[in-house]
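With the numbering used here applied, the sequence shown closes on residue 579, and no number is skipped along the way.
Hints are not guaranteed to be accurate.
To be verified - Taking lysine to any residue pairs in the SDA-like style, the calculated list, with each CA pair at most 25 Å apart, reads:
| id | residue 1 | residue 2 |
| --- | --- | --- |
| 1 | Lys353 | Asn480 |
| 2 | Lys519 | Lys530 |
| 3 | Lys174 | Arg348 |
| 4 | Lys152 | Phe196 |
These aren't lab readings, by the way, just hints derived from the structure by calculation.
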Amino acid sequence: MDYINFKKANCKNCYKCLRSCPVKAIKFKNHQAKIEMERCILCSRCVLVCPQNARKVVNYLDKVKKALNEKKKIVASIAPSFMGNFNVSYGKIIASLKTLGIKYAEETALGADMTTRLYKSFLKENKQDYYITTACPSLNLLVEKYYPELVKYMLPFMSPMVCHGKILKKVYGKDSFTLFIGPCTSKKAEHENYNFENSIDAVLTYEEYLTLLKENNISMENLEPLEFDNRSLELGSYYPITGGIISNLKDELKDKNIKSFYVDGVYACMDIFESIKKGHIKNSFIEASACVGSCIGGPEVITNNHEYYNKLEKVQNYIEDRQNYIEFYKNKTSKQNDLKNFNLNFHRGFVDKSINKEIQYEEEIKNILKSMGKYSKEDELNCGVCGYNTCIDKANAILEGMAEPDMCLHFMRSKAENISNIIFENTVNCIITVDDKLNIIEINPAAEKTFMLEKSLVKNKPINFLISEEDFVKVKESKNNILGKKVTIHNYGLVFIESIIFIEKQNIFLLSLTDITEKEKNKKKLKTLKESSFSAAEEVIEKQMRVAQEIASLLGETTAETKITLTKLKRIVESSDED
Numbered sequence: 001m002d003y004i005n006f007k008k009a010n011c012k013n014c015y016k017c018l019r020s021c022p023v024k025a026i027k028f029k030n031h032q033a034k035i036e037m038e039r040c041i042l043c044s045r046c047v048l049v050c051p052q053n054a055r056k057v058v059n060y061l062d063k064v065k066k067a068l069n070e071k072k073k074i075v076a077s078i079a080p081s082f083m084g085n086f087n088v089s090y091g092k093i094i095a096s097l098k099t100l101g102i103k104y105a106e107e108t109a110l111g112a113d114m115t116t117r118l119y120k121s122f123l124k125e126n127k128q129d130y131y132i133t134t135a136c137p138s139l140n141l142l143v144e145k146y147y148p149e150l151v152k153y154m155l156p157f158m159s160p161m162v163c164h165g166k167i168l169k170k171v172y173g174k175d176s177f178t179l180f181i182g183p184c185t186s187k188k189a190e191h192e193n194y195n196f197e198n199s200i201d202a203v204l205t206y207e208e209y210l211t212l213l214k215e216n217n218i219s220m221e222n223l224e225p226l227e228f229d230n231r232s233l234e235l236g237s238y239y240p241i242t243g244g245i246i247s248n249l250k251d252e253l254k255d256k257n258i259k260s261f262y263v264d265g266v267y268a269c270m271d272i273f274e275s276i277k278k279g280h281i282k283n284s285f286i287e288a289s290a291c292v293g294s295c296i297g298g299p300e301v302i303t304n305n306h307e308y309y310n311k312l313e314k315v316q317n318y319i320e321d322r323q324n325y326i327e328f329y330k331n332k333t334s335k336q337n338d339l340k341n342f343n344l345n346f347h348r349g350f351v352d353k354s355i356n357k358e359i360q361y362e363e364e365i366k367n368i369l370k371s372m373g374k375y376s377k378e379d380e381l382n383c384g385v386c387g388y389n390t391c392i393d394k395a396n397a398i399l400e401g402m403a404e405p406d407m408c409l410h411f412m413r414s415k416a417e418n419i420s421n422i423i424f425e426n427t428v429n430c431i432i433t434v435d436d437k438l439n440i441i442e443i444n445p446a447a448e449k450t451f452m453l454e455k456s457l458v459k460n461k462p463i464n465f466l467i468s469e470e471d472f473v474k475v476k477e478s479k480n481n482i483l484g485k486k487v488t489i490h491n492y493g494l495v496f497i498e499s500i501i502f503i504e505k506q507n508i509f510l511l512s513l514t515d516i517t518e519k520e521k522n523k524k525k526l527k528t529l530k531e532s533s534f535s536a537a538e539e540v541i542e543k544q545m546r547v548a549q550e551i552a553s554l555l556g557e558t559t560a561e562t563k564i565t566l567t568k569l570k571r572i573v574e575s576s577d578e579d
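Could you put the whole structure together from the sequences, leaning on the hints where they help?
As C-alpha cells, this is what we get:
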C-alpha cells in the first residue's frame with residue numbers, strides 16, 4: 001500500500017525530494033517521481049519539501065466520519081507532543097474531542113509508561129551489547145531494511161501507540177473504536193501492518209484532526225475546558241522530547257553501567273548505526289528517532305507551526321504542570337496500571353527486510369557514466385543536484401532502474417548547449433544577438449560570411465552597423481515580435497526574410513536573417529523572361545492573324561473566279577444539249 005507518494009502531473013523534476021531522502025527510495029521514470037514502498041522508511045521528508053505540493057498521503061478521515069455518524073464508542077489516544085501544536089489549553093483540546101462526538105480521550109503517554117516498564121524489565125533480565133529503542137516506526141523500518149544485522153538489538157516491544165491501543169480495547173471493550181491523533185505519517189503504516197489484535201482502528205494527524213473540526217464548525221477557542229479521562233502520572237509524556245526515553249531509564253542504565261546515546265534525525269541515526277556495525281562503540285543504549293527534535297519535530301505538525309523550540313517549551317511546561325493534577329487522576333490511572341489482571345502481551349518481533357540488490361560490475365557502471373557524459377574522473381562532479389551523493393551512486397541507481405541518465409543537470413545543460421552551438425555555428429541563416437541597448441552581442445559564421453566581416457569587428461557595435469534599428473525599436477515598444485518580414489539592405493545589396501524576437505528573461509533580441517537575394521534576382525529574371533516571352537507570343541499571334549487575313553482574302557478572290565468559270569461552263573453545256 002502506498003502510504004505516501006506523489007501526484008502525477010505535478011512533478012517538475014527538481015529532484016528536491018530525492019535530495020531529502022536519506023535512503024534514496026524515490027524512483028524517477030518518464031520524469032515522474034514515485035516512492036518505492038519496499039525501500040521507503042516513511043519519514044515523510046520528501047513530501048514535505050516538495051515545492052509543487054505534489055504530496056499524496058493516505059488518510060482515514062472517511063473512516064472516522066463513518067464511526068462518528070454511526071455513534072460508535074470512540075476512544076481517542078492523543079500523542080504527548082499535542083500541546084506543541086495547538087495554541088489553546090489542553091482542556092479546550094479535550095473539549096473539542098468531546099464536542100465532536102468522541103466518548104473518551106486519553107494521553108498516549110499512558111502507552112509510553114507501559115513501554116518504559118517493558119524496557120526496564122528487559123534491561124534487568126537481559127545482557128547484550130546494544131539496545132535500540134523501537135518506539136519510532138520509521139526508525140524500525142530503517143534498521144530492518146538497511147541495517148538488518150542490528151535487528152537482534154532492537155527492543156522487542158510494541159510502540160506506545162499500539163501498547164495504549166491494546167490497553168484501551170481492554171478497558172473500554174473490543175467494540176470501542178480507538179483513534180490515534182499524532183504528528184506522524186509512519187504511524188499509519190504501523191496501524192495497517194503491525195496493529196496487533198486491531199488495537200488501533202484509525203490514525204489522524206493533527207492537521208487532519210483540525211480539518212475534521214472545521215468541517216463540523218467546531219472552534220476550540222470557544223469551548224469550555226474539560227479533563228482527560230485518563231493521563232500519565234509517570235514520565236511517558238517525555239517521549240516526544242529528544243532524550244525523553246532515556247530520562248525514564250536513568251537508574252537502570254546506571255546500575256548496569258550502560259552508556260546511553262539519544263540520536264534524532266535519520267542521518268544521525270545512520271551514523272551511529274555505522275559506528276555500531278564497525279564496533280566503534282559498545283555496551284550502549286540507543287534512543288533513536290527519525291525526526292530531528294524527536295516527535296516534536298514530526299512531519300505532520302500543524303501547518304505554519306514549525307518553530308521547534310516554541311513547541312518544545314509548550315510541551316515541557318505541560319509536563320511540568322502535571323503535579324497539579326496527580327491527585328485528580330490517581331484513582332483513574334491505578335485501574336490501568338494493574339495490567340497483570342488484563343493478561344496483555346506487548347511483545348513483538350522485528351525481521352530482516354533488506355532489499356537484495358544485484359552486484360553491479362565496473363564495466364556496466366563505466367558504460368552508464370559514459371551515457372551521462374562522464375568519461376573521466378574530472379567529469380564526475382559529484383554535485384548532488386540529481387539527488388545522489390556521487391555520480392557513481394547515480395550510475396548504480398540507473399542500473400537498478402531507480403533513475404534515468406537525463407537526471408544529470410550538468411550533462412543535460414552541456415548537451416543542450418552543444419546542440420545550440422551546433423545549430424548556431426552551422427545554420428545557413430544569419431543569427432545575431434542584440435542587447436537591450438541595441439548593441440551586437442554575437443553573430444554566427446553565416447552572418448560573418450554574408451556581411452563579409454569578422455565578428456570581432458562588430459561585437460558591441462550598434463546594430464545600425466549592419467541593419468536599421470527601426471524594427472528593433474518597434475518590437476521593444478509594442479512587445480510584438482516580427483516574423484517573416486522582407487527587408488532590403490541597400491548598403492550590401494542584399495534582401496532578407498527578417499525575424500526579430502525579444503527574449504524577455506535574458507533581455508536580449510534574437511535576429512534571424514534568411515538571405516533571399518539570389519531568389520529575388522531569379523524572380524526578376526523570371527519576370528523579364530515572362531514579359532519578353534509574352535511580347536514574342538503577341539507578335540507571333542499578330543503575324544498569324546495577318547497571314548490568316550491574307551489567306552482569306554486570296555481564297556475569296558479565287559472562289560469568285562471559280563464561280564464565274566463554272567457558270568460559263570454550265571451555259572456551254574446547256575447550249576450543246578439544245579443542239
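Verification of the hints:
| no. | hint | result |
| --- | --- | --- |
| 1 | Lys353 x Asn480 | violated, 61 Å |
| 2 | Lys519 x Lys530 | holds, 16 Å |
| 3 | Lys174 x Arg348 | holds, 20 Å |
| 4 | Lys152 x Phe196 | holds, 21 Å |
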